[in-house]
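Trainee: Can you build the whole structure from these sequences, using the hints too?
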Amino acid sequence: MEQEMVLKKESNMVSNFKQTILKLTPSMKKDGVFKSLKNTGITLLSILLFLGLWQMGSKALYNKEANYRVEKALQERGEEAAAAERACIESGDSSCQPNTLPSPSQVWASLQSLIADHQVISADKAAFAEKMAVTNEKMISQGKDTIVYTGRASFVDIVLTSIKTVFAGFLLAMFIAVPIGIIIGLSPSLRSAFNWFIQIFKPVSPVVWYLLVFMIVKTLYIGDSSDNAFVISFISVGLCAMWATLVNTAMGVASVDKDYINVAKVLKLGTFQKVFKVILPSSLPLIFTGLRITLSVAWMVLIAIELLAQSQGLGLFVWEEFQNGANDSNSKIIVAMFVIGIIGFLLDRLMLAVQNMVSFNKNEMA
Amino acid sequence: MNTAQQSNQTYSENGIVYPSNIMLDLSNLKKVYPTPKGDYVVLEDLNLQILKEEFVTIIGHSGCGKTTMLSMIAGLNEISGGNISVLGNPVKGPGPDRGVIFQSPSLMPWMSALDNVLLGVNQVFPDATKAQRQDVAKYYLHKVGLEDAFHKKASELSQGMQQRVGIARAFAIKPKVLLLDEPFGMLDSLTRGELQDILIEIWNKEKITAVMITHDVDEAIFLADRVIMMTSGPKAKIGDILNIDFERPRTRKSVLENDDYYTYRKHLIDFLEH
Numbered sequence: 001m002e003q004e005m006v007l008k009k010e011s012n013m014v015s016n017f018k019q020t021i022l023k024l025t026p027s028m029k030k031d032g033v034f035k036s037l038k039n040t041g042i043t044l045l046s047i048l049l050f051l052g053l054w055q056m057g058s059k060a061l062y063n064k065e066a067n068y069r070v071e072k073a074l075q076e077r078g079e080e081a082a083a084a085e086r087a088c089i090e091s092g093d094s095s096c097q098p099n100t101l102p103s104p105s106q107v108w109a110s111l112q113s114l115i116a117d118h119q120v121i122s123a124d125k126a127a128f129a130e131k132m133a134v135t136n137e138k139m140i141s142q143g144k145d146t147i148v149y150t151g152r153a154s155f156v157d158i159v160l161t162s163i164k165t166v167f168a169g170f171l172l173a174m175f176i177a178v179p180i181g182i183i184i185g186l187s188p189s190l191r192s193a194f195n196w197f198i199q200i201f202k203p204v205s206p207v208v209w210y211l212l213v214f215m216i217v218k219t220l221y222i223g224d225s226s227d228n229a230f231v232i233s234f235i236s237v238g239l240c241a242m243w244a245t246l247v248n249t250a251m252g253v254a255s256v257d258k259d260y261i262n263v264a265k266v267l268k269l270g271t272f273q274k275v276f277k278v279i280l281p282s283s284l285p286l287i288f289t290g291l292r293i294t295l296s297v298a299w300m301v302l303i304a305i306e307l308l309a310q311s312q313g314l315g316l317f318v319w320e321e322f323q324n325g326a327n328d329s330n331s332k333i334i335v336a337m338f339v340i341g342i343i344g345f346l347l348d349r350l351m352l353a354v355q356n357m358v359s360f361n362k363n364e365m366a
Numbered sequence: 001m002n003t004a005q006q007s008n009q010t011y012s013e014n015g016i017v018y019p020s021n022i023m024l025d026l027s028n029l030k031k032v033y034p035t036p037k038g039d040y041v042v043l044e045d046l047n048l049q050i051l052k053e054e055f056v057t058i059i060g061h062s063g064c065g066k067t068t069m070l071s072m073i074a075g076l077n078e079i080s081g082g083n084i085s086v087l088g089n090p091v092k093g094p095g096p097d098r099g100v101i102f103q104s105p106s107l108m109p110w111m112s113a114l115d116n117v118l119l120g121v122n123q124v125f126p127d128a129t130k131a132q133r134q135d136v137a138k139y140y141l142h143k144v145g146l147e148d149a150f151h152k153k154a155s156e157l158s159q160g161m162q163q164r165v166g167i168a169r170a171f172a173i174k175p176k177v178l179l180l181d182e183p184f185g186m187l188d189s190l191t192r193g194e195l196q197d198i199l200i201e202i203w204n205k206e207k208i209t210a211v212m213i214t215h216d217v218d219e220a221i222f223l224a225d226r227v228i229m230m231t232s233g234p235k236a237k238i239g240d241i242l243n244i245d246f247e248r249p250r251t252r253k254s255v256l257e258n259d260d261y262y263t264y265r266k267h268l269i270d271f272l273e274h
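Chains as they are written, first to last, in this note's numbering: chain E, 1 to 366; chain H, 1 to 274.
Treat the hints as calculated values from the structure; they're not laboratory data.
Note that the coordinates shown come from a computational prediction; the quantities given were computed from them, not determined experimentally.
Cβ coordinates follow ideal geometry from the N, Cα and C atoms, glycine included.
Calculated pairs, EDC-like style, for lysine to aspartate or glutamate (alpha carbon to alpha carbon, straight line, at most 20 Å):
hint, chain 1, residue 1, chain 2, residue 2
1, H, LYS237, H, ASP45
2, E, LYS268, H, ASP97
3, E, LYS265, H, ASP115
4, H, LYS153, E, ASP257
5, E, LYS265, H, ASP97
6, H, LYS52, H, GLU206
7, E, LYS274, H, ASP115
8, E, LYS268, H, GLU78
9, E, LYS268, H, ASP115
10, H, LYS237, H, GLU182
11, E, LYS258, H, GLU78
12, H, LYS205, H, ASP135
13, E, LYS265, H, GLU78
14, E, LYS274, H, ASP97
15, E, LYS265, H, ASP181
16, E, LYS268, H, ASP127
17, E, LYS258, H, GLU182
18, H, LYS153, E, ASP259
19, H, LYS205, H, GLU247
20, E, LYS258, H, ASP181
21, H, LYS52, H, ASP25
Every beta carbon over 12 Å from chain E, so not counted as near; a handful from chain H, in silico:
hint, residue
22, ALA149
23, PHE246
24, THR251
Mentor: Structural data, given as structure tokens:
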């Protein structure tokens with residue numbers, strides 16, 4: 001009896017609570033849910049539309065090439081050969097498939113095969129490591145180099161190499177561009193001294209930066225057999241991408257609100273205090289805007305540079321697949337394209353989050 | 001009777017000023033801005049002596065050079081001719097002996113209210129312990145009614161609250177002269193009244209010589225011992241000076257009830273409309 005009472009009271013309280021919540025959030029919540037549902041719906045719809053257009057486009061291209069082949073066989077080798085060619089194409093035999101823009105399903109299949117391939121390779125690696133564990137321990141105790149797995153890199157390894165390269169390049173850009181930007185931002189005369197330098201080197205293409213870095217690093221590594229592709233590519237990426245940060249940092253430091261500078265003057269803050277307590281915090285939002293641009297530029301030029309530097313990343317992967325010309329090469333290239341796009345998007349979101357964290361005036365940021 | 005009133009009377013009754021009573025001395029002050037069409041003279045032959053513990057308001061039309069004059073006193077703007085001296089020492093640049101309350105609160109938005117005040121306090125009292133400096137900053141924040149907002153970021157405070165921090169920051173560095181450049185110009189009239197009360201309350205305790213620019217005739221009378229009226233530029237100078245002989249401490253009510261208030265008000269408005 002008593003227990004029942006308690007239960008009843010409790011359920012009363014719960015329903016009261018629910019009512020209060022409902023009262024507190026009248027139509028606002030409903031509208032919000034509706035709005036987000038609508039937005040998700042629109043996004044899904046546009047994805048479907050995109051896939052549909054893609055499917056239709058690839059189908060049309062496929063037919064065009066197939067018809068051309070059949071036509072060619074007919075003209076060159078007669079009707080029988082043409083019929084055989086058509087039968088071969090329709091049977092799905094890989095030897096005579098038109099090699100054109102892959103359809104979404106082919107790309108999906110390639111993605112899965114790349115993942116499966118990754119699982120095979122990582123199993124291989126684990127087995128290799130187990131087998132070599134004892135030997136490697138001995139090698140370490142004897143002070144020799146350990147034996148490492150030198151097999152084919154899986155798609156995931158390739159992606160990780162690219163991400164590593166881009167971060168190394170980004171850090172290099174940051175460590176060069178931010179301090180220099182601060183220094184030239186502080187001094188108008190240094191700013192004009194550096195201006196020609198920035199204006200000339202900013203528009204230089206990634207390929208040329210790569211060649212420049214290659215010239216220098218090649219000589220520095222002379223006589224050293226170790227692989228310098230990673231070093232060359234991350235330095236090139238850094239040099240290509242640092243300009244946005246350099247310009248933004250200099251601008252941010254140079255355009256600190258005059259009121260803050262006046263406060264610093266009235267309080268007679270020393271140079272150190274002025275820089276670290278007033279100028280830097282107030283230019284942080286612009287510095288981070290620059291860093292965000294730098295990261296996206298770094299990711300964009302990375303592909304071209306990896307290709308040139310033969311660094312085991314996505315750039316080289318795309319190029320090798322293209323040269324390879326295997327039946328699923330085209331769809332693997334498209335997989336890489338999506339992976340590149342999605343990682344680029346995620347990196348940008350990451351930087352945006354950091355940027356919002358350091359910006360002191362939330363209203364100014366959109 | 002306090003010394004401010006004594007000196008004020010000395011000034012108004014016999015016209016004699018004792019040098020030891022002068023806090024701020026502007027003599028033959030001139031400001032020229034070079035333009036492509038030739039020099040533009042903002043101020044010329046401006047002479048003004050402001051006494052210790054005096055509160056002076058300056059009123060005049062926009063663009064007449066009030067702010068230029070104030071920023072020259074602050075040392076933020078070069079002097080083109082003449083002299084400005086504080087207690088006989090010529091002004092050579094900005095310094096914490098002349099605290100400034102700017103029109104926009106000019107707080108560092110990424111710092112808390114307390115850190116904003118401490119920025120000045122740390123600079124002026126480098127030998128005090130950390131706890132002592134914190135106490136000074138907290139005392140003034142308390143005085144301006146922000147005892148609950150020590151650790152709020154300046155960007156999270158309303159405009160009025162930010163200006164309160166500005167007042168606390170200026171008083172906390174214990175300046176000899178307080179310069180106020182239309183500090184309440186951007187506030188709504190209700191907030192403005194509140195802040196005037198806060199300002200005058202702290203000022204009654206500290207008696208720091210104050211020079212304040214305002215556009216508001218009532219504000220000028222309520223706060224000041226003397227209202228300086230400036231002529232319109234170019235070549236602006238002092239047009240007229242009005243002594244406000246209300247007792248201190250004043251309340252808004254007592255001022256409004258005083259018959260002289262309306263005479264003063266008419267005087268100022270006549271000058272401005274002239």
